[in-house]
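Chain A is already provided as a structure; the job is to place chains B, C and D on it using the hints.
Number of protein chains: 4
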Amino acid sequence: MTHLQLGMVGLGRMGANLVRRLMRGGHSCVVFDRDPAPGAALADEGATNAGSLAALVKALTPPRAVWVMLPAGKATEQAIAELAGLLEPGDAIVDGGNSFWKDDVRRARELARRGLDYLDVGTSGGVWGLERGYCLMIGGDADVVARLDPIFATLAPGRGAIPATPGRSGRDPRVEMGYLHAGPCGSGHFVKMIHNGIEYGMMQAFAEGFDILRHAASPALPVEHRFHLELADVAEVWRRGSVVTSWLLDLTATALAEDGELASYSGHVEDSGEGRWTVQAAIEEAVPAEVLTAALYTRFRSRQDHTFAEKVLSAMRKGFGGHVEPTKAAAAVSPDPAHG
Amino acid sequence: MTHLQLGMVGLGRMGANLVRRLMRGGHSCVVFDRDPAPGAALADEGATNAGSLAALVKALTPPRAVWVMLPAGKATEQAIAELAGLLEPGDAIVDGGNSFWKDDVRRARELARRGLDYLDVGTSGGVWGLERGYCLMIGGDADVVARLDPIFATLAPGRGAIPATPGRSGRDPRVEMGYLHAGPCGSGHFVKMIHNGIEYGMMQAFAEGFDILRHAASPALPVEHRFHLELADVAEVWRRGSVVTSWLLDLTATALAEDGELASYSGHVEDSGEGRWTVQAAIEEAVPAEVLTAALYTRFRSRQDHTFAEKVLSAMRKGFGGHVEPTKAAAAVSPDPAHG
Amino acid sequence: MTHLQLGMVGLGRMGANLVRRLMRGGHSCVVFDRDPAPGAALADEGATNAGSLAALVKALTPPRAVWVMLPAGKATEQAIAELAGLLEPGDAIVDGGNSFWKDDVRRARELARRGLDYLDVGTSGGVWGLERGYCLMIGGDADVVARLDPIFATLAPGRGAIPATPGRSGRDPRVEMGYLHAGPCGSGHFVKMIHNGIEYGMMQAFAEGFDILRHAASPALPVEHRFHLELADVAEVWRRGSVVTSWLLDLTATALAEDGELASYSGHVEDSGEGRWTVQAAIEEAVPAEVLTAALYTRFRSRQDHTFAEKVLSAMRKGFGGHVEPTKAAAAVSPDPAHG
Amino acid sequence: MTHLQLGMVGLGRMGANLVRRLMRGGHSCVVFDRDPAPGAALADEGATNAGSLAALVKALTPPRAVWVMLPAGKATEQAIAELAGLLEPGDAIVDGGNSFWKDDVRRARELARRGLDYLDVGTSGGVWGLERGYCLMIGGDADVVARLDPIFATLAPGRGAIPATPGRSGRDPRVEMGYLHAGPCGSGHFVKMIHNGIEYGMMQAFAEGFDILRHAASPALPVEHRFHLELADVAEVWRRGSVVTSWLLDLTATALAEDGELASYSGHVEDSGEGRWTVQAAIEEAVPAEVLTAALYTRFRSRQDHTFAEKVLSAMRKGFGGHVEPTKAAAAVSPDPAHG
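Chains as they are written, first to last, in my numbering: chain A, 691 to 1030; chain B, 691 to 1030; chain C, 691 to 1030; chain D, 691 to 1030.
Because the hints were derived from the structure by calculation, they are not lab data.
It cannot be assumed that every hint is accurate.
The list makes no distinction among identical chains, and a pair is therefore deemed to hold if it is satisfied within one copy or across any two copies.
[Unchecked claim] Here are the computed lysine-lysine pairs in the BS3-like style, where the Cα-Cα straight-line distance is at most 30 Å:
| id | residue 1 | residue 2 |
| --- | --- | --- |
| 1 | K764 | K748 |
| 2 | K1008 | K764 |
| 3 | K1008 | K792 |
| 4 | K764 | K792 |
| 5 | K748 | K1008 |
Small disclaimer: the values here were computed from a predicted structure and weren't measured.
Next comes chain A alone, as it looks inside the complex:
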């Protein structure tokens, strides 16, 4: 495999680990981050640490390839704008972050006017990617994707021990190595966005299921219909031969084995842009997406003590029925099933 040179901008956990995996694969990396610490650490591991974007560009041999791994939105936008002013025709920018796909479409068009190539690469793998490899969803021109193929091949997990899907002979072999050229610019992040939307839905499916399992012990239920279930064991047994076998289940089993009450978690759940954009895409396409949307909304709800909506409900109930809702303290009926 050809070894390439890559510039990496943004050395957070994801960016730094991408560099490490590339260097392990024999590629050479020039790195930059506003914070000098991660670059220094990577320099110890063999990377060239640039002091600025300009220095990074200078340290790369044309045709250059610079991978931007920054938070979506302003940070990415600014870095790409600055790079555009420093790079030369024939150079390429890769946005490996979680950008909104319509921003990719726009940026690709703008950069093309300057003779710069642009790829958007949805990158899945989280904290596990360094060892397991990253699942890559790539948007952009085929020749640019081909030029950077050694980079993608190194970052991706490869075929591994995963059984082949029957009936794929004749199809693009890169896909089975864990990287996909999805289509033109924007399509990489589009596919990654949907991936995350599905992820939300799957997570919520497990979350609701375990919530019902846990509340099977609720003292509000008749004794003969009450069960104290070992959630850690339930998750574990499903890992073997059941239909819901999945990596998310593996992670759940690990968390529940540690603490079946999950007491250390606040229950306050963040959402990133992809979940929201997935719903937006569904609406633009008039595709009903009940589950993906419901999964997003439970996260919104998790971050509030009480919604204003709920107060409106209470106000109406008082209005037509004279119902005075119990105060929060008085109404702490939410069952807390004692396990064991």
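Frame of chain A, contents of chains B, C and D only:
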């Protein structure tokens, strides 16, 4: 109109007001409640206060009619069982509470074996019924409904100022008076149950709408896309010529005029059986009922600080992404739009 | 009341009826539509029919006010752009259509640079507005709203027979006449958008409820739990004293009185922009809007024979369980309850 | 491992394959089915084919164990009732089907009065179980579970190549072999029910995601925001290193590799009892289960051409807006993206 004699068991707000409306209409009432206070008060207004169910039955002239207005479930079940032992063939029991309709079907069959008639009457009207009249949905045999017609006619709102629906000529005239003989036993509470299910959905529609209106002032939004709206005025203007004109909107307008923040409400929202049974009926019939169900679930959610489901989400997020969810205190990002 | 002169662009049902209601109120109208027919008709009723936008502008005395009543999007955008080139500083454009509120924000800023005023007016009332009046939600500068007050006062329903909401003394009296100055530009259409979002949710609540009522007759249910309900009567009785009393219920009662099977309706349900934008606003504000979103999605679903999603489900079921879904013909199990 | 003797009642695909896996494991099986064909086939493979339930019972040595593998409901109920009359105290009945868990609770109590043991065993594995093993969720008394342990150990997948979950030392080792003693009678089917509920949610998450991906090619979208995605490749790449890695994704990848249009599937999706009972359990416990419920409802919807609910919507829209919904033919706007 013929004046009848009715026994009323259960003198909570609903039961007591039914008695008052009946007495205003010229009917005579024998009343009973475990708590002697409300019966004494009604005696002052002209009712006969019985000291026991047996005394109530004795005070009524056969064929008797006893209206049970108690909480659904045990209280109603026991009162009807006891009455069944006291009444004679030809007497009738009316369950005006919020019983589960399948209980009506069962009870009607059991009581029929003793020669007792049974009607289930869904009663809507809440605190306003005494003045406005009660919307009645009646299940049972036609001749029993006919026998008690003067009772229903008095309790119902009557035609009032409500414009006639075109195309109803030839249809059952009682309906326009505000009482409906829906069908056999169980159908009265079935129709009332669906009424409440719809009520949940409508309430939630308004609740969400006003929540979005309120959060239009969220500081998280760009300044040029931020509005401080007077929710009381929005509700008020919609009462006039808009499509969402409704009694629930009237009540919302009143509550918001009192306090646009609804600060006195905890946001803890109870649900009664009907909302749950509506979903159960939908599932038994394989009818998708997304909105009615979602409305029920927001109430479940409103009564918990955090669901276990949300903790499962956080645990997974930590597992695959190393995300540590902010603690509740640190993450109080929920916008609290300052009005004015 | 002062009588004003107004230009009306777009003479569809809404535009034409607005003109009629204004002329009945003593205002004079100059009208234009690409299609000459409606303008000619209105000319017979007293309007001045202009042959072009330029002619319309010429026929108005400064400071002019031109109300644009066109489909949201391109048609409105183009008409306003053309008008902007014809009008003079101090003139005002009113967008009374169903524009996206962010377009209003942008247009107001652009027009302000030319010295033109801009109001966005959400207009509810449909086919009934001519007689009942239109519920108006207005965004823009207070002085422009004040200048055109006679127009709004004439179009709005006025106080009518609607009982006053308690506790409104001291509040803006225009609201009780049926028109609201909601805030700066964009807020009029924002409030109207949420109105329509709520409308979707309420409609869906009724729709699901009546669907469950109808399927209570399903032959798949046990005989003793099966009811043949007269839906027209159910809707009618709820109009009197129930909690779900509303204009939408009135309309439902009328439709069901005409045909309890609603056989003339295909069940294919359109959605307009407002339902979608409401969900978008909810997501931007991180407000959970389960019911409003579910209501939108059922409309998306109603316009497809089968979703691709459903085929994916079938493919998975075949994969893990060997399930072969019945063909559509074989599986027509959807109960068609015979009434009577 | 001790080899046991087991009676199997019900020789459909599941029952027959359970027998095969048991015989491969060295156990001896006596089998019965109303249809003589599958029993004859199994006899060729070494089973004893009984001509009746009575013959089956006679062919077993006490203490007997009879596994019932029949459709939930009547078939299972009758078989167990008949077996109860044939078996002797100390014998055990195992219900391995998809019974409603409350039926198990009731049956266990009834059978205990006759001195019969009862286990409910949720069995996951479908057409793959014979080779991969079955994931078993068992409810009942610990000593009965222990007595039949060799049966469960043989049916379950065993540890296989699945990486161990960290932190499980000291926990029940059977779980990692793929079978779980969940708790008292009913809990086995309860856990299996939730498994299927989660399965519905996960399936729907994937289904919606792929629907959005497919409609990214919709001609209704702006050209620059339109993608023709190879769904088979998207599914395949996600199998490697992504967060949504799962067996359901493997199956989807296989189906899409075969035909990216899934043209052979009608989109008519059945649901079995577990999905419905999961929602029922959620409601009994007051646990919000938005995603699991939405997943159920899309299946209900998939089996209808148009819901009555949708006709109600159309009727209202005509009522307030004069909207006449397009006929189905005229409105076939559902985009059918041409791939390639």
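- What label fits K1008 with K792 when the C-alpha limit is 30 Å: within, between, both, or neither? between (46 Å within a copy, 29 Å between copies)
- Within, between, both or neither, where K748 and K1008 count as close if Cα-Cα is 30 Å or less: neither (70 Å within a copy, 38 Å between copies)
- Item | Intra- versus inter-subunit Cα pairing at 30 Å for K764 with K748 | within (24 Å within a copy, 47 Å between copies)
- Query: How do K764 and K792 come out at 30 Å by Cα distance, when the copy is not named: within, between, both, or neither?
  - Reply: both (14 Å within a copy, 21 Å between copies)
- Message: Cα distance capped at 30 Å. Does K1008 pair with K764 within a copy, between copies, both, or neither?
- Response: between (46 Å within a copy, 25 Å between copies)
Consistency note: the structure conflicts with earlier hint 5 alone.
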